[in-house]
Amino acid sequence: MKRSNIALAAFSTTTLLLAACGSDSKNYYESPVPTYLSEVPYDANKTQLPAEAAESIGAKSISVMTYNMVDVQGKISKATAMVMFPKVAKPADGYRTVVWAHGTVGVGDGCAPSQNVLNPRFSILAQTLLKAGYVIIAPDYEGLGTKGIHPYLNLKSESMSAIAAVKAMKDEYGSQLQGGWMSIGQSQGGHASLGIAEFANTDTSFKGAVAGAPASSLGQIIQIYIDPAMNQASGYTVSMLDQAIMGRRQIDAAIAAGEMSPNDPLALAVPTIDQTAEGYAELLAYAAFASVGIKAQQTNYDFKNIFTDNAAEIAELAYGRTGDDGLCLSYPAPNNADGLQEKFKAGILAYLSNPTHKITDYGIDLDKFKTDPVVSDFLVKTQPATNATAEQIIKTPVLIIQGERDQAVLPDVTKRLVDKMKLKAPEYASGYKFELVPNATHTQAIVCRNKLAVDFIQEHMSAGSDIVLTDEDKDASQSPHCKGAS
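First residue of the sequence shown? That's 1 in this note's numbering, and the numbers climb one at a time after it.
Worth double-checking, as some hints may not be accurate.
[Said to hold, decoys possible] In silico DMTMM-like pairs for lysine to aspartate or glutamate, Cα to Cα no more than 20 angstroms straight-line:
id	residue 1	residue 2
1	Lys87	Asp466
2	Lys483	Glu404
3	Lys395	Asp365
[As the list claims (entries may be wrong)] DEER-style ranges, computed between Cβ atoms:
id	residue 1	residue 2	range
4	Thr204	Ser61	26 to 32 angstroms
5	Met260	Pro373	45 to 51 angstroms
6	Gln176	Gln275	36 to 42 angstroms
7	Gln73	Leu37	14 to 20 angstroms
8	Asp171	Ser61	17 to 23 angstroms
9	Lys75	Val40	21 to 27 angstroms
10	Ile255	Lys433	42 to 48 angstroms
What the hints contain is simulated information worked out from the structure, not anything from laboratory work. Keep in mind the model is a prediction, meaning the values are calculated, not measured. Every residue, glycine too, gets a C-beta built ideally from N, C-alpha and C.
Generate the whole structure from the sequences, applying the supplied hints.
Below is the structure:
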(Lines of atoms letter the chains of each structure in order from A and count residues from 1; the text may use other names and numbers.)
(Lines give C-alpha, C1' and ligand atoms only; values in the text may rest on other atoms or scores of the structure.)
Protein backbone atom coordinates (compact mmCIF):
# COMPACT_ATOMS: atom_id res chain seq x y z
CA MET A 1 0.00 0.00 0.00
CA LYS A 2 1.31 3.42 -0.80
CA ARG A 3 1.45 6.18 1.80
CA SER A 4 -1.91 7.30 3.11
CA ASN A 5 -2.53 10.98 3.76
CA ILE A 6 -5.05 10.46 6.53
CA ALA A 7 -4.08 12.75 9.36
CA LEU A 8 -6.89 13.08 11.77
CA ALA A 9 -6.99 15.94 14.21
CA ALA A 10 -9.34 18.59 15.46
CA PHE A 11 -7.70 21.65 17.00
CA SER A 12 -4.55 19.68 17.77
CA THR A 13 -1.37 18.53 16.18
CA THR A 14 -2.12 14.89 16.87
CA THR A 15 -1.89 12.77 13.75
CA LEU A 16 -3.65 9.46 13.61
CA LEU A 17 -2.30 6.82 11.33
CA LEU A 18 -3.96 4.28 9.06
CA ALA A 19 -3.29 0.57 8.99
CA ALA A 20 -4.83 -1.21 6.55
CA CYS A 21 -0.21 -9.18 5.33
CA GLY A 22 17.00 -29.31 2.37
CA SER A 23 13.70 -30.46 0.96
CA ASP A 24 10.83 -28.74 -0.77
CA SER A 25 8.32 -31.06 0.86
CA LYS A 26 4.98 -29.70 2.01
CA ASN A 27 5.69 -26.17 0.76
CA TYR A 28 5.17 -27.31 -2.81
CA TYR A 29 2.56 -29.98 -2.21
CA GLU A 30 -0.03 -27.77 -3.89
CA SER A 31 2.22 -26.72 -6.76
CA PRO A 32 1.28 -28.67 -9.89
CA VAL A 33 3.84 -30.50 -11.97
CA PRO A 34 5.10 -29.22 -14.34
CA THR A 35 5.09 -25.74 -12.83
CA TYR A 36 7.13 -23.81 -15.40
CA LEU A 37 5.29 -23.03 -18.64
CA SER A 38 7.00 -20.31 -20.66
CA GLU A 39 8.93 -17.05 -20.67
CA VAL A 40 8.92 -13.85 -22.73
CA PRO A 41 11.04 -10.69 -22.53
CA TYR A 42 9.75 -8.01 -20.18
CA ASP A 43 8.67 -4.99 -22.21
CA ALA A 44 7.06 -2.71 -19.59
CA ASN A 45 3.74 -2.60 -21.40
CA LYS A 46 5.60 -1.78 -24.62
CA THR A 47 6.92 1.50 -23.21
CA GLN A 48 10.49 0.33 -22.65
CA LEU A 49 12.64 -2.11 -24.62
CA PRO A 50 13.69 -5.24 -22.67
CA ALA A 51 17.39 -4.36 -22.89
CA GLU A 52 16.73 -0.83 -21.64
CA ALA A 53 14.71 -2.08 -18.68
CA ALA A 54 17.41 -4.57 -17.73
CA GLU A 55 20.18 -2.00 -18.03
CA SER A 56 18.25 0.47 -15.85
CA ILE A 57 18.74 -1.80 -12.82
CA GLY A 58 21.96 -3.51 -13.86
CA ALA A 59 20.34 -6.82 -14.79
CA LYS A 60 21.64 -9.19 -17.45
CA SER A 61 18.04 -9.91 -18.43
CA ILE A 62 14.45 -9.41 -17.30
CA SER A 63 11.74 -11.76 -18.48
CA VAL A 64 8.16 -12.55 -17.58
CA MET A 65 7.65 -16.18 -16.64
CA THR A 66 4.28 -17.92 -16.85
CA TYR A 67 3.83 -20.84 -14.48
CA ASN A 68 1.17 -23.00 -12.89
CA MET A 69 -0.06 -22.66 -9.33
CA VAL A 70 -3.02 -23.89 -7.32
CA ASP A 71 -5.47 -21.03 -6.82
CA VAL A 72 -7.87 -20.27 -3.99
CA GLN A 73 -10.49 -22.50 -5.64
CA GLY A 74 -8.08 -25.43 -5.51
CA LYS A 75 -7.73 -25.40 -9.29
CA ILE A 76 -4.63 -25.12 -11.43
CA SER A 77 -4.25 -21.56 -12.71
CA LYS A 78 -1.62 -19.68 -14.64
CA ALA A 79 0.36 -16.96 -12.90
CA THR A 80 3.16 -14.64 -13.95
CA ALA A 81 6.35 -13.32 -12.40
CA MET A 82 9.26 -11.19 -13.47
CA VAL A 83 12.60 -13.01 -13.48
CA MET A 84 15.82 -11.00 -13.24
CA PHE A 85 19.26 -12.49 -13.75
CA PRO A 86 22.39 -10.61 -12.63
CA LYS A 87 25.39 -9.77 -14.78
CA VAL A 88 27.55 -11.39 -12.11
CA ALA A 89 29.03 -14.74 -13.14
CA LYS A 90 27.23 -17.77 -11.75
CA PRO A 91 28.83 -19.03 -8.55
CA ALA A 92 30.25 -22.56 -8.73
CA ASP A 93 27.25 -23.96 -6.88
CA GLY A 94 24.67 -21.71 -8.54
CA TYR A 95 22.78 -18.48 -7.96
CA ARG A 96 20.76 -17.80 -4.80
CA THR A 97 17.27 -16.35 -5.27
CA VAL A 98 15.40 -13.48 -3.64
CA VAL A 99 11.63 -13.18 -4.06
CA TRP A 100 10.25 -9.64 -4.22
CA ALA A 101 6.61 -9.32 -3.08
CA HIS A 102 5.04 -6.09 -4.32
CA GLY A 103 2.65 -3.71 -2.56
CA THR A 104 -0.94 -2.85 -3.41
CA VAL A 105 -1.58 -2.04 -7.06
CA GLY A 106 -5.18 -3.19 -7.59
CA VAL A 107 -6.89 -6.39 -8.69
CA GLY A 108 -7.19 -5.80 -12.45
CA ASP A 109 -4.81 -7.51 -14.85
CA GLY A 110 -3.53 -4.18 -16.12
CA CYS A 111 -2.24 -3.41 -12.62
CA ALA A 112 0.25 -6.32 -12.64
CA PRO A 113 3.82 -5.08 -12.11
CA SER A 114 5.04 -7.22 -15.02
CA GLN A 115 2.83 -5.15 -17.32
CA ASN A 116 4.07 -1.79 -16.08
CA VAL A 117 7.26 0.21 -15.71
CA LEU A 118 9.45 -0.90 -12.81
CA ASN A 119 8.57 0.77 -9.53
CA PRO A 120 11.40 3.21 -8.73
CA ARG A 121 11.57 2.19 -5.07
CA PHE A 122 11.79 -1.50 -5.97
CA SER A 123 14.43 -0.64 -8.55
CA ILE A 124 16.73 0.61 -5.77
CA LEU A 125 16.59 -2.74 -3.98
CA ALA A 126 16.74 -4.74 -7.22
CA GLN A 127 19.85 -2.92 -8.40
CA THR A 128 21.62 -3.68 -5.12
CA LEU A 129 20.65 -7.36 -5.07
CA LEU A 130 21.59 -7.86 -8.71
CA LYS A 131 24.95 -6.19 -8.18
CA ALA A 132 25.61 -8.66 -5.35
CA GLY A 133 24.77 -11.55 -7.67
CA TYR A 134 21.28 -12.66 -6.66
CA VAL A 135 18.53 -13.80 -9.02
CA ILE A 136 15.24 -11.98 -8.36
CA ILE A 137 11.76 -13.42 -8.83
CA ALA A 138 8.92 -10.89 -8.59
CA PRO A 139 5.51 -12.60 -8.67
CA ASP A 140 2.48 -10.64 -9.85
CA TYR A 141 0.34 -12.81 -7.49
CA GLU A 142 -2.61 -14.97 -8.41
CA GLY A 143 -5.07 -13.26 -10.75
CA LEU A 144 -2.88 -10.25 -11.54
CA GLY A 145 -1.93 -10.30 -15.20
CA THR A 146 -3.66 -13.64 -15.71
CA LYS A 147 -7.24 -14.87 -15.84
CA GLY A 148 -9.17 -14.80 -12.59
CA ILE A 149 -9.75 -12.37 -9.74
CA HIS A 150 -6.76 -11.42 -7.61
CA PRO A 151 -7.47 -12.54 -4.01
CA TYR A 152 -6.13 -9.33 -2.48
CA LEU A 153 -4.51 -9.83 0.95
CA ASN A 154 -5.27 -13.56 0.89
CA LEU A 155 -2.23 -14.75 2.81
CA LYS A 156 -2.16 -18.27 1.39
CA SER A 157 -2.70 -17.10 -2.18
CA GLU A 158 0.13 -14.58 -1.99
CA SER A 159 2.41 -17.18 -0.45
CA MET A 160 1.58 -19.92 -2.94
CA SER A 161 2.05 -17.48 -5.82
CA ALA A 162 5.64 -17.01 -4.67
CA ILE A 163 6.34 -20.60 -3.69
CA ALA A 164 5.09 -21.91 -7.03
CA ALA A 165 7.20 -19.30 -8.84
CA VAL A 166 10.30 -20.52 -7.01
CA LYS A 167 9.45 -24.11 -7.92
CA ALA A 168 8.99 -23.11 -11.55
CA MET A 169 12.41 -21.46 -11.55
CA LYS A 170 13.99 -24.55 -10.03
CA ASP A 171 12.24 -26.74 -12.59
CA GLU A 172 13.56 -24.68 -15.50
CA TYR A 173 16.87 -23.32 -14.21
CA GLY A 174 17.83 -25.94 -11.64
CA SER A 175 21.38 -26.31 -12.92
CA GLN A 176 21.94 -22.56 -12.55
CA LEU A 177 20.47 -22.21 -9.07
CA GLN A 178 21.98 -23.17 -5.74
CA GLY A 179 18.50 -23.63 -4.28
CA GLY A 180 18.58 -21.18 -1.40
CA TRP A 181 16.00 -18.40 -1.38
CA MET A 182 14.57 -15.61 0.75
CA SER A 183 11.64 -13.20 0.49
CA ILE A 184 11.29 -9.45 0.87
CA GLY A 185 8.26 -7.25 0.37
CA GLN A 186 6.61 -3.96 1.21
CA SER A 187 3.09 -3.32 2.61
CA GLN A 188 0.89 -5.92 0.90
CA GLY A 189 4.21 -7.45 -0.05
CA GLY A 190 5.39 -7.31 3.57
CA HIS A 191 2.21 -9.18 4.44
CA ALA A 192 3.04 -11.67 1.67
CA SER A 193 6.66 -12.05 2.78
CA LEU A 194 5.56 -13.08 6.27
CA GLY A 195 3.05 -15.47 4.71
CA ILE A 196 5.78 -17.00 2.56
CA ALA A 197 7.83 -17.60 5.72
CA GLU A 198 4.82 -19.38 7.25
CA PHE A 199 4.03 -21.62 4.30
CA ALA A 200 7.69 -22.39 3.49
CA ASN A 201 8.58 -23.22 7.07
CA THR A 202 9.57 -26.83 6.38
CA ASP A 203 11.63 -25.95 3.31
CA THR A 204 15.23 -25.94 4.49
CA SER A 205 16.28 -24.03 1.38
CA PHE A 206 14.18 -21.05 2.54
CA LYS A 207 16.46 -18.87 4.65
CA GLY A 208 14.38 -15.94 5.91
CA ALA A 209 12.12 -12.98 5.22
CA VAL A 210 12.18 -9.20 5.22
CA ALA A 211 8.87 -7.39 5.63
CA GLY A 212 8.52 -3.66 5.16
CA ALA A 213 5.44 -2.24 6.91
CA PRO A 214 3.48 -5.50 6.62
CA ALA A 215 -0.25 -4.91 6.22
CA SER A 216 -2.24 -6.14 9.21
CA SER A 217 -5.28 -5.40 11.39
CA LEU A 218 -7.27 -3.82 8.55
CA GLY A 219 -10.65 -4.43 10.18
CA GLN A 220 -9.62 -2.91 13.48
CA ILE A 221 -8.28 0.21 11.80
CA ILE A 222 -11.39 0.70 9.70
CA GLN A 223 -13.43 0.76 12.90
CA ILE A 224 -10.98 3.11 14.59
CA TYR A 225 -11.65 5.68 11.92
CA ILE A 226 -15.38 5.37 11.32
CA ASP A 227 -16.81 4.03 14.59
CA PRO A 228 -17.63 6.61 17.30
CA ALA A 229 -17.29 3.85 19.88
CA MET A 230 -13.56 3.74 19.10
CA ASN A 231 -12.93 7.48 19.55
CA GLN A 232 -12.29 8.23 23.20
CA ALA A 233 -11.31 11.82 22.40
CA SER A 234 -14.90 12.63 21.46
CA GLY A 235 -16.41 10.86 24.44
CA TYR A 236 -17.30 8.04 22.04
CA THR A 237 -19.92 10.22 20.33
CA VAL A 238 -18.21 11.18 17.06
CA SER A 239 -15.93 9.13 14.83
CA MET A 240 -12.35 10.24 14.31
CA LEU A 241 -12.96 11.00 10.65
CA ASP A 242 -16.02 13.11 11.42
CA GLN A 243 -14.18 14.88 14.21
CA ALA A 244 -11.39 15.77 11.79
CA ILE A 245 -13.81 17.21 9.23
CA MET A 246 -15.75 19.14 11.88
CA GLY A 247 -12.56 20.70 13.20
CA ARG A 248 -11.33 21.66 9.75
CA ARG A 249 -14.65 23.20 8.78
CA GLN A 250 -14.52 25.41 11.86
CA ILE A 251 -10.98 26.49 11.02
CA ASP A 252 -11.90 27.22 7.40
CA ALA A 253 -14.88 29.26 8.58
CA ALA A 254 -12.67 31.26 10.93
CA ILE A 255 -10.20 31.95 8.13
CA ALA A 256 -13.01 33.02 5.79
CA ALA A 257 -14.33 35.40 8.45
CA GLY A 258 -10.91 36.93 8.98
CA GLU A 259 -10.73 35.56 12.51
CA MET A 260 -7.73 33.33 11.84
CA SER A 261 -4.75 33.53 9.55
CA PRO A 262 -4.19 30.67 7.10
CA ASN A 263 -0.66 30.58 8.51
CA ASP A 264 -1.82 30.19 12.09
CA PRO A 265 -0.03 27.17 13.63
CA LEU A 266 -3.39 25.54 14.34
CA ALA A 267 -4.57 26.04 10.77
CA LEU A 268 -1.35 24.52 9.49
CA ALA A 269 -1.47 21.61 11.94
CA VAL A 270 -4.99 20.39 11.24
CA PRO A 271 -5.33 18.43 7.99
CA THR A 272 -7.31 20.02 5.20
CA ILE A 273 -10.54 18.43 4.05
CA ASP A 274 -8.75 17.46 0.86
CA GLN A 275 -6.04 15.63 2.82
CA THR A 276 -8.51 13.75 4.98
CA ALA A 277 -10.57 12.86 1.91
CA GLU A 278 -7.48 11.55 0.16
CA GLY A 279 -6.58 9.32 3.08
CA TYR A 280 -10.10 7.99 3.51
CA ALA A 281 -10.27 7.39 -0.23
CA GLU A 282 -7.21 5.19 -0.01
CA LEU A 283 -8.79 3.21 2.81
CA LEU A 284 -11.94 2.78 0.73
CA ALA A 285 -9.87 1.59 -2.22
CA TYR A 286 -8.19 -1.04 -0.03
CA ALA A 287 -11.59 -2.13 1.26
CA ALA A 288 -12.90 -2.40 -2.30
CA PHE A 289 -9.92 -4.48 -3.41
CA ALA A 290 -10.33 -6.74 -0.38
CA SER A 291 -14.05 -7.19 -1.02
CA VAL A 292 -13.45 -8.03 -4.67
CA GLY A 293 -10.69 -10.39 -3.60
CA ILE A 294 -13.11 -12.30 -1.39
CA LYS A 295 -15.17 -12.95 -4.50
CA ALA A 296 -12.23 -14.88 -5.96
CA GLN A 297 -12.83 -17.59 -3.37
CA GLN A 298 -16.54 -17.11 -2.71
CA THR A 299 -17.93 -16.41 -6.15
CA ASN A 300 -21.43 -15.50 -4.95
CA TYR A 301 -20.22 -12.87 -2.49
CA ASP A 302 -21.67 -9.40 -3.03
CA PHE A 303 -18.52 -7.28 -2.74
CA LYS A 304 -20.58 -4.08 -2.63
CA ASN A 305 -22.39 -5.17 0.53
CA ILE A 306 -20.21 -3.26 3.00
CA PHE A 307 -20.40 0.03 1.09
CA THR A 308 -22.96 2.80 1.40
CA ASP A 309 -25.18 3.24 -1.63
CA ASN A 310 -23.41 6.43 -2.69
CA ALA A 311 -20.00 4.70 -2.73
CA ALA A 312 -20.94 1.26 -4.04
CA GLU A 313 -20.83 2.41 -7.65
CA ILE A 314 -17.20 3.46 -7.27
CA ALA A 315 -16.35 0.27 -5.36
CA GLU A 316 -17.64 -1.65 -8.36
CA LEU A 317 -14.91 -0.05 -10.48
CA ALA A 318 -12.37 -2.14 -8.56
CA TYR A 319 -14.01 -5.22 -10.09
CA GLY A 320 -14.73 -3.78 -13.53
CA ARG A 321 -16.85 -5.86 -15.88
CA THR A 322 -15.22 -9.25 -15.32
CA GLY A 323 -12.96 -8.98 -12.29
CA ASP A 324 -9.96 -8.86 -14.62
CA ASP A 325 -10.41 -5.28 -15.84
CA GLY A 326 -10.88 -3.27 -12.65
CA LEU A 327 -9.21 0.06 -11.97
CA CYS A 328 -5.78 0.19 -10.37
CA LEU A 329 -5.12 2.02 -7.11
CA SER A 330 -3.44 4.85 -9.01
CA TYR A 331 -2.04 5.77 -12.40
CA PRO A 332 0.84 8.02 -13.42
CA ALA A 333 0.23 11.40 -15.03
CA PRO A 334 -1.65 12.37 -17.09
CA ASN A 335 -4.12 9.66 -16.03
CA ASN A 336 -4.09 10.35 -12.28
CA ALA A 337 -7.84 10.91 -12.10
CA ASP A 338 -8.52 7.38 -13.37
CA GLY A 339 -7.18 5.64 -10.25
CA LEU A 340 -9.64 4.09 -7.81
CA GLN A 341 -8.34 6.20 -4.94
CA GLU A 342 -8.89 9.39 -6.94
CA LYS A 343 -12.39 8.24 -7.91
CA PHE A 344 -13.26 7.73 -4.25
CA LYS A 345 -11.68 11.05 -3.32
CA ALA A 346 -13.79 12.88 -5.88
CA GLY A 347 -16.89 11.17 -4.52
CA ILE A 348 -16.03 12.11 -0.95
CA LEU A 349 -15.37 15.75 -1.78
CA ALA A 350 -18.58 16.01 -3.78
CA TYR A 351 -20.49 14.57 -0.83
CA LEU A 352 -18.79 16.91 1.65
CA SER A 353 -19.63 19.95 -0.47
CA ASN A 354 -22.85 19.90 1.52
CA PRO A 355 -21.72 21.27 4.91
CA THR A 356 -24.31 19.18 6.75
CA HIS A 357 -22.88 15.90 5.50
CA LYS A 358 -20.68 13.67 7.64
CA ILE A 359 -17.78 11.93 5.95
CA THR A 360 -18.64 8.57 7.49
CA ASP A 361 -22.06 8.60 5.87
CA TYR A 362 -20.11 8.00 2.68
CA GLY A 363 -18.03 4.90 2.03
CA ILE A 364 -18.19 1.95 4.38
CA ASP A 365 -21.46 1.02 6.05
CA LEU A 366 -20.28 0.40 9.60
CA ASP A 367 -23.19 -1.82 10.65
CA LYS A 368 -22.86 -4.05 7.61
CA PHE A 369 -19.09 -4.16 7.96
CA LYS A 370 -19.28 -5.27 11.60
CA THR A 371 -21.93 -7.92 10.99
CA ASP A 372 -20.87 -9.43 7.66
CA PRO A 373 -19.67 -12.95 8.58
CA VAL A 374 -17.72 -13.33 5.34
CA VAL A 375 -15.77 -10.16 6.03
CA SER A 376 -15.16 -11.15 9.64
CA ASP A 377 -13.76 -14.51 8.56
CA PHE A 378 -11.58 -12.84 5.93
CA LEU A 379 -10.11 -10.35 8.41
CA VAL A 380 -9.11 -13.15 10.78
CA LYS A 381 -7.54 -15.28 8.08
CA THR A 382 -5.60 -12.41 6.50
CA GLN A 383 -3.69 -11.57 9.67
CA PRO A 384 -0.07 -12.56 9.03
CA ALA A 385 2.30 -14.46 11.30
CA THR A 386 0.04 -14.69 14.36
CA ASN A 387 -2.87 -16.90 13.26
CA ALA A 388 -0.74 -19.70 11.88
CA THR A 389 -1.09 -23.22 13.18
CA ALA A 390 1.78 -24.77 15.09
CA GLU A 391 2.85 -26.36 11.81
CA GLN A 392 3.12 -22.96 10.15
CA ILE A 393 4.98 -20.89 12.69
CA ILE A 394 7.87 -18.92 11.25
CA LYS A 395 11.11 -20.74 11.96
CA THR A 396 13.49 -18.62 9.93
CA PRO A 397 14.97 -15.21 10.74
CA VAL A 398 12.68 -12.25 10.02
CA LEU A 399 13.44 -8.55 9.71
CA ILE A 400 10.50 -6.15 9.93
CA ILE A 401 11.13 -2.54 8.89
CA GLN A 402 8.62 0.11 9.94
CA GLY A 403 8.48 3.86 9.39
CA GLU A 404 7.92 5.98 12.49
CA ARG A 405 5.69 8.38 10.54
CA ASP A 406 3.95 5.71 8.51
CA GLN A 407 0.44 6.78 7.59
CA ALA A 408 -0.49 3.52 5.91
CA VAL A 409 0.53 0.99 8.57
CA LEU A 410 0.58 2.12 12.18
CA PRO A 411 3.92 1.64 13.95
CA ASP A 412 2.08 0.48 17.07
CA VAL A 413 0.15 -2.07 15.03
CA THR A 414 3.38 -3.48 13.64
CA LYS A 415 5.01 -3.52 17.07
CA ARG A 416 2.07 -5.53 18.41
CA LEU A 417 2.38 -7.88 15.46
CA VAL A 418 6.03 -8.52 16.29
CA ASP A 419 5.19 -9.06 19.96
CA LYS A 420 2.50 -11.59 19.02
CA MET A 421 4.91 -13.36 16.67
CA LYS A 422 7.35 -13.79 19.54
CA LEU A 423 4.64 -15.08 21.87
CA LYS A 424 3.47 -17.50 19.19
CA ALA A 425 6.92 -18.97 18.64
CA PRO A 426 9.17 -18.28 21.65
CA GLU A 427 11.78 -20.78 20.47
CA TYR A 428 12.32 -18.73 17.30
CA ALA A 429 11.67 -15.27 18.76
CA SER A 430 15.34 -14.32 18.96
CA GLY A 431 15.44 -14.41 15.17
CA TYR A 432 12.65 -11.84 14.77
CA LYS A 433 14.14 -8.36 14.38
CA PHE A 434 12.24 -5.07 14.37
CA GLU A 435 13.62 -1.81 12.99
CA LEU A 436 11.74 1.46 13.55
CA VAL A 437 12.96 4.08 11.08
CA PRO A 438 12.82 7.62 12.55
CA ASN A 439 10.77 10.16 10.57
CA ALA A 440 10.15 7.71 7.72
CA THR A 441 6.76 7.35 6.06
CA HIS A 442 5.18 4.21 4.65
CA THR A 443 7.14 3.86 1.42
CA GLN A 444 10.26 5.63 2.64
CA ALA A 445 11.23 3.23 5.42
CA ILE A 446 12.32 0.25 3.33
CA VAL A 447 14.30 2.55 1.01
CA CYS A 448 15.96 4.30 3.95
CA ARG A 449 16.98 0.90 5.29
CA ASN A 450 18.00 -0.65 1.98
CA LYS A 451 21.45 -1.36 3.42
CA LEU A 452 19.98 -3.04 6.49
CA ALA A 453 17.70 -5.22 4.35
CA VAL A 454 20.49 -6.26 1.99
CA ASP A 455 22.88 -6.92 4.90
CA PHE A 456 20.20 -9.12 6.49
CA ILE A 457 19.78 -11.10 3.28
CA GLN A 458 23.55 -11.47 2.85
CA GLU A 459 23.96 -12.54 6.48
CA HIS A 460 21.47 -15.37 6.17
CA MET A 461 22.08 -16.27 2.52
CA SER A 462 25.32 -15.14 0.94
CA ALA A 463 25.09 -14.59 -2.81
CA GLY A 464 28.02 -16.98 -3.17
CA SER A 465 29.76 -14.64 -5.58
CA ASP A 466 33.11 -12.87 -5.30
CA ILE A 467 31.36 -9.51 -5.24
CA VAL A 468 31.79 -7.43 -2.09
CA LEU A 469 29.28 -4.60 -1.93
CA THR A 470 30.41 -1.34 -0.39
CA ASP A 471 28.24 0.67 1.97
CA GLU A 472 27.80 3.13 -0.87
CA ASP A 473 26.42 0.33 -3.06
CA LYS A 474 23.78 -0.49 -0.45
CA ASP A 475 22.97 2.82 1.20
CA ALA A 476 19.89 4.61 -0.16
CA SER A 477 19.36 6.96 2.77
CA GLN A 478 20.02 10.00 0.59
CA SER A 479 17.64 8.91 -2.15
CA PRO A 480 14.63 11.19 -2.71
CA HIS A 481 12.54 8.06 -2.14
CA CYS A 482 13.88 8.06 1.42
CA LYS A 483 14.12 11.77 2.12
CA GLY A 484 11.49 13.31 -0.10
CA ALA A 485 9.11 11.37 -2.34
CA SER A 486 6.87 9.21 -0.23
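For which of the previously enumerated hints does the structure constitute a violation, in increasing order of number?
3, 6
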